[in-house]
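Asker: Each chain, letter by letter, is given below.
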Amino acid sequence: MSEVIRRAPEGVDVALLLEGTFPYVAGGVSSWVNQIIRAFPDLRFGVVFIGSRRSDYGDMRYALPDNVVHLETHYLHDDLGAVATAHERKRGQQGDTQAVAQMASLHDAFRRGGGREGAPDVLSLFGEACRDIAPGGRIDLEAFLRSEASWEVVTERYRTYCSDPSFVDYFWTVRIMHQPLWQLARIAHTLVPARVYHSVSTGYAGFLGALLAQSTGRPLVLSEHGIYTKERKIDLYQNEWIRDNRNVFQKDASELSYFRQLWIRFFEWLGRLTYAAADPIVALYETNRLRQIADGADAARTRNIPNGVNIGRLAPLRTQRPAEVPPVLCLIGRVVPIKDIKTFVRAMRRVVNRMPEAQGWIAGPADEDPAYAEECRNLVDSLGLTDNVRFLGMQKIDELMPKIGLVVLSSISEALPLVLLEGFAAGVPAVATDVGSCRQLMHGLGAEDEALGAAGRVVGIADPQSLADAALDLLNDGAAWQAAQQAGIARVERYYADTLMFDRYREVYAGALERDTRRAGACPFEHGAR
Amino acid sequence: MGSSKLAFAALLAELTAFYGLGSIESPDLALFTYLAAHAPASLLLALAVYLLIPLSRSKPRLSVLSLLFCSIFFVPVLGFVGVLVGALVRHLLPRLEAPSRFSAVRLPDLDIHESSEKSGAGFRQAGVRQFLKNDRAPVPQRLRAMVALSHAPSRIGSPVLRELLGDAEDDLRLLAYGLLDNREKRLNADIHAARQKLAACRSDDERSRLAQQLAALYWELIYQGLVQGDLLDYAVGEALRHTETALATLRDNPALHLQHGRLLQQIGRLDEADAAYQRARELGLPASRVVPYLAELAFARRDFSRVRTLLQSMQDWEGLSRLQPVLKFWGQA
Amino acid sequence: MAGIGFELRKLLKKDSLLGLVQAYSYAGVIGSGPWVLSIVGILMVGLLSRAVVVPEFLITQFQVSVTYLISSSLILTGLVQLAFTRFISDRLFEKRDDLVMSNFNGLLLWVIGVAGVLGLLLAFTLFTGLPVIYRLLMLSGFVLLCGIWVATIFLSGLKMYRAILLLYALGYAVTVITALLARPWGLEGLLGGFVLGHFVLFIGMWLITAWHYRSRLTISYEFARAETRYPSLMLIGLLYNLGVWVDKFMFWSWPETSDAIIGPLRASVIYDLPVFMAYLSIIPGMAVFLVRIETDFVEYYDRFFDAVRTGGSLEYIEDMRDEMVLSIRQGLAEIGKIQTLAMLAAIVAGPAVFAVLDISELNLPLLYIQTLAASLQVGLLALLNVFFYLDQRRIILALCGFFCLSNIAFTALSFKLGASFYGYGYALSVLLTLMLGLWALDRKLGRLEYETFMLQ
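Line by line, the protein sequences give chains A, B and C.
All the letters of the first sequence, read from the start, carry residue numbers 1 to 530 under the working numbering.
All the letters of the second sequence, read from the start, carry residue numbers 1001 to 1333 under the working numbering.
All the letters of the third sequence, read from the start, carry residue numbers 2001 to 2456 under the working numbering.
Source of the hints: derived by calculation from the structure; they are not laboratory data.
Using N, Cα and C, we set each Cβ at its ideal position, and we do this for glycine too.
Possibly wrong hints are sitting among the right ones.
Claimed, not checked - Just the calculated beta-carbon pair ranges, DEER-fashion:
1) C:F2415 / B:P1040: 45 to 53 Å
2) A:A483 / B:A1255: 28 to 36 Å
3) C:R2225 / A:R131: 31 to 39 Å
4) A:P135 / C:K2444: 48 to 56 Å
5) B:G1237 / A:D434: 48 to 56 Å
6) C:E2094 / B:D1233: 26 to 34 Å
7) B:E1169 / A:G446: 19 to 27 Å
8) A:R265 / B:S1313: 26 to 34 Å
What the hints assert, rightly or not - Lysine to aspartate or glutamate pairs mimicking EDC-like chemistry, simulated, CA-CA at most 20 Å apart:
9) B:K1185 / A:D369
10) B:K1185 / A:E375
11) C:K2159 / C:D2097
12) B:K1185 / A:E374
13) B:K1133 / A:D434
14) A:K230 / B:D1204
15) B:K1197 / A:E374
What the hints assert, rightly or not - Computed, partial: chain C to chain A, Cβ under 8 Å:
16) A2182
17) R2309
18) L2448
19) Y2450
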């Protein structure tokens, strides 16, 4: 189910490739995209939204800025792109054996690993594969789904590599995994011209960027907030739906379920291919940049651009605060497993034991993962915390901040969370888990930054006891709280103002646009061709 | 009109039909005459049969009547007999049990799909815990060690996994978290379901059964090491509360007393725990299940001679393999 | 016929000669279908009556009348036989036993109604002028036979093979005995016996079905809904039965090969007896194949699809496929052996039997070729059976269509070519259909996994 909501047939300056974020999902990354688009009113933006199923998303969560001249949405699990009639489906087809064999050797190259020495091989095969899976290519979706050649290669690889006996699971895993790629190829084929592609993650959106860069030769900018591959891994480690059918004779206890490995490798390669096509590759902070390099990014193309918040808007909130610090711990974020809401709830058990008037608020949409939200509510109930923990749903930051005493972040993975910065700017210290750049935000990075003091506390993940103790420390000790507040304000004003971020992105876009112009000048005929 | 009158009329009509059959020369005309009389006779008979037997409950009426009529009309004489026999016999004969259509279950075959070559050498490192905590070991190997650990009993594995939550390596941390979280998730889902049932439950018997189940689930959280600190206290409190609820009605359930004792021991109410263990023993729980806890209790009270006496009483039990080293230690001297 | 395997395995597990005999007679009776039984019954009535001196032409009239009853009722109910079999097994699979009985009654109402009206029309048109009792008995017989075919399907669907077997035995015993007792009344007497026997059979079946279900008589027509009508199965049922009978009808109506027997009914003395005798040879072949397919093939078939569904390895799935192929191959080979024996028996015993029956030895070649054709037909039946398991309705439809048309064409051709080619038309038609079916099966099984996974 693909839909074009705004159309700019003449093309756009920057085409943003967004997977599961702006404008249909609220959250840190989406807010960031919104910030960037509004910061460059002179650029014409196109947005390609890629989601799972239409029904997973509601209405737009953001008013579309005027400079978004093109918006199209695609849902990878709704429209599987099958066009065959019932009869064609029954009959099957031969398929292009040679092209399929080439595809198999690309996969062999994938399996050999991502060492730099293998890279040119992979990239040339990948270029070929991009052309093959494009509409009209040698292996169209029908051929992948139903040709005998494709069956041959799938069974052959099953025999050679699959350590899980279940063929039916292997078969469907492979199918479900690859089918979206054909859809992405179709999207790439029909997308309006753009001078620069900008993807905000690797994964499917990044892969689309790589396809586009490959077929048009235009620059691809990659800004990674979290590390997509890592977040997928978290999903995969926690997911119980991935089956493991090995029996006691076939099982090697130290081996992860084969399908889990398959998915992990799949996303790792989506990442690698995106890195190979992107320049520059932007991370939010140093640890993530190093991780990108470890995952296959070329160090020379990487750089850091931290997030920033609008100080001018948030600073006035400090004056609206009551004289006493309200005993309210607030977790601002979507109710999803990665935020580990449960640890926050558990911590509230201890906080309430020590400070019965304390409140725990969870401010963020709960509709993204209803099952998880339900589990969280059940946990609140079974810990007897119904009077102290509230799920508020989406809240306006400006109204929320003055009412709370602490921003809490119990996530098991984060990048550079905007909510901490917003809290600091609004004069609210924080307690956060030691993930992503939280330690850097709390304690500073470098001597000068560290001298500003601690803007809160950092604790280990999934440790409700320490989380509660850290929060109680700050709430019970007025002086400590004040000191943290001041440190936070100083740090955010000095290092994380949005103007700094905009300046750096202005450079990024200018550079990419200039490269495009140079390229078009050097080879005028290639312009617009694909 | 009664069914007997109907049947009588029908018989009369049918006889008339047969009479006609004998007296008319031309076969075609005779057949036609017969059928002309046979049709109303069949209808009357169908009606009579329909009323006579408790078929009148049968539905839909028109279809049932048509079936009766067709059978009687198209199969002269015999059709009538058949319908009567069918309708009557069905009620006179006892109902047969429907043929059972159970299916035989097959033993699973040995699937030969070979995996050992594909997965490479197994993880053969002794001392998983040390290995996992060695942050200079390569990450993939540590990941595999952790996956292997996930197959260990939760009580053993959970503490190690918990330590690794603070590991510097993201992947390890996340996998450890995922493994712990899954265990906890399953138990909490069970607890939630049991709580819901308890809240909705009206009968006392059922309530104590559910309370016992809930207590066991909370104990499982404690036993597997999935809760710490205040949550541990909370879980012990809940388990104790539910155990006591259950004990209110299931006073003679030895297993419940044993569980009560263990909870009391956990929170240091040693005298009460002792009493609960004794009660469990009196109610018939085998010594092999109670004595180890009594010994543990004595140990907690620093009453080592009693520990020795208790454990020496167990020397003869070969079955308790995990306890053997302990027995051996206390059996010396 | 699914489910008979369970019974068969149980019998075979007894591991005794008796069990073996039982298993094979079960399989033979169920597998070759009730109509072969009817033919046996009719031949028996004929032979026994001949022994106690009834005018020859009466026996012929009786046999021909009954043959027409059987063939026409089979063709008529052929429309619903397969579709209803499928309907029942689907409902039983869904555990909707309540629907089964009421739909059986509903279908029965339809079948009796249609058969009755059709019978009446014929009684006043084609059969005009014939004795009233004869016409009434023919009408009753036709309606009863249609009902019996439907009830047989129903009972097979409920896997009550033992009951079917016993009831058929009872019904035919009654037929033979009453026919013999009533022979003083001539044709009407013989026919009366036939009708009474089948009446007992039908009532017995109906009672047994009713026994298992609630005593309320309910009727419903879910089977007639669009989604459970299975038009392809209806067409297959019609075409198959038509295909089997069409050459006989042609021989009966072709003036050179037939004589008028009674009223509009004609028969072909030279063709009929060899054909029916040849059909007797179906029974052992079918028994052997059914035992093979229901015990071995079905087991591997189940394992194949279980493995596909529940995550067996590809190697295992392929092994099961190979085992399926092997069991089919063995089954066909065993049919080959048994039918060779049947051929030999026909060649050895043929002249003697013909002498007893007072039929010219000139017709012996016809017996041989018909025995060969019947043997091939066992193969074809077996093949169709396999295709039904694989739910390949398209292929079955094509095969049955081809069988029906080619039988018409080749039989017509054999008329043109003259008396020495009689019977070859049918044999050639079966042979070609069988070859076609084998080719299709080979192709189907060769890409079974591919089709199962990639083309559903």
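Asker: Each hint should be assessed against the structure and marked as holding or not.
Answerer: Now the hints, each set against the structure:
1. C:F2415 / B:P1040: 45 to 53 Å: holds, 49 Å
2. A:A483 / B:A1255: 28 to 36 Å: 55 Å Cβ-Cβ, so the 28 to 36 Å window is violated.
3. C:R2225 / A:R131: 31 to 39 Å: violated, 50 Å
4. A:P135 / C:K2444: 48 to 56 Å: Given a distance of about 33 Å, which is not inside 48 to 56 Å, the answer is violated.
5. B:G1237 / A:D434: 48 to 56 Å: Hint violated: Cβ distance 30 Å, outside 48 to 56 Å.
6. C:E2094 / B:D1233: 26 to 34 Å: Between E2094 (chain C) and D1233 (chain B), where Cβ atoms are some 53 Å apart, the hint is violated.
7. B:E1169 / A:G446: 19 to 27 Å: With Cβ atoms ~24 Å apart, the hint holds.
8. A:R265 / B:S1313: 26 to 34 Å: Check failed, 58 Å falls outside 26 to 34 Å.
9. B:K1185 / A:D369: holds, 15 Å
10. B:K1185 / A:E375: holds, 8 Å
11. C:K2159 / C:D2097: Distance of about 13 Å is within 20 Å: holds.
12. B:K1185 / A:E374: holds, 12 Å
13. B:K1133 / A:D434: Answer holds: K1133 (chain B) to D434 (chain A) is near 18 Å, not above 20 Å.
14. A:K230 / B:D1204: At roughly 51 Å apart (the allowed maximum being 20 Å), D1204 (chain B) and K230 (chain A) break the hint.
15. B:K1197 / A:E374: With a Cα-Cα distance of about 17 Å, the restraint between K1197 (chain B) and E374 (chain A) holds, given a limit of 20 Å.
16. A2182: A2182 (chain C) check fails; min Cβ-Cβ to chain A is 57 Å, beyond 8 Å.
17. R2309: holds, 7 Å
18. L2448: violated, 12 Å
19. Y2450: holds, 5 Å
Of the numbered hints stated above, those contradicted by the structure are hints 2, 3, 4, 5, 6, 8, 14, 16 and 18, listed in ascending order.
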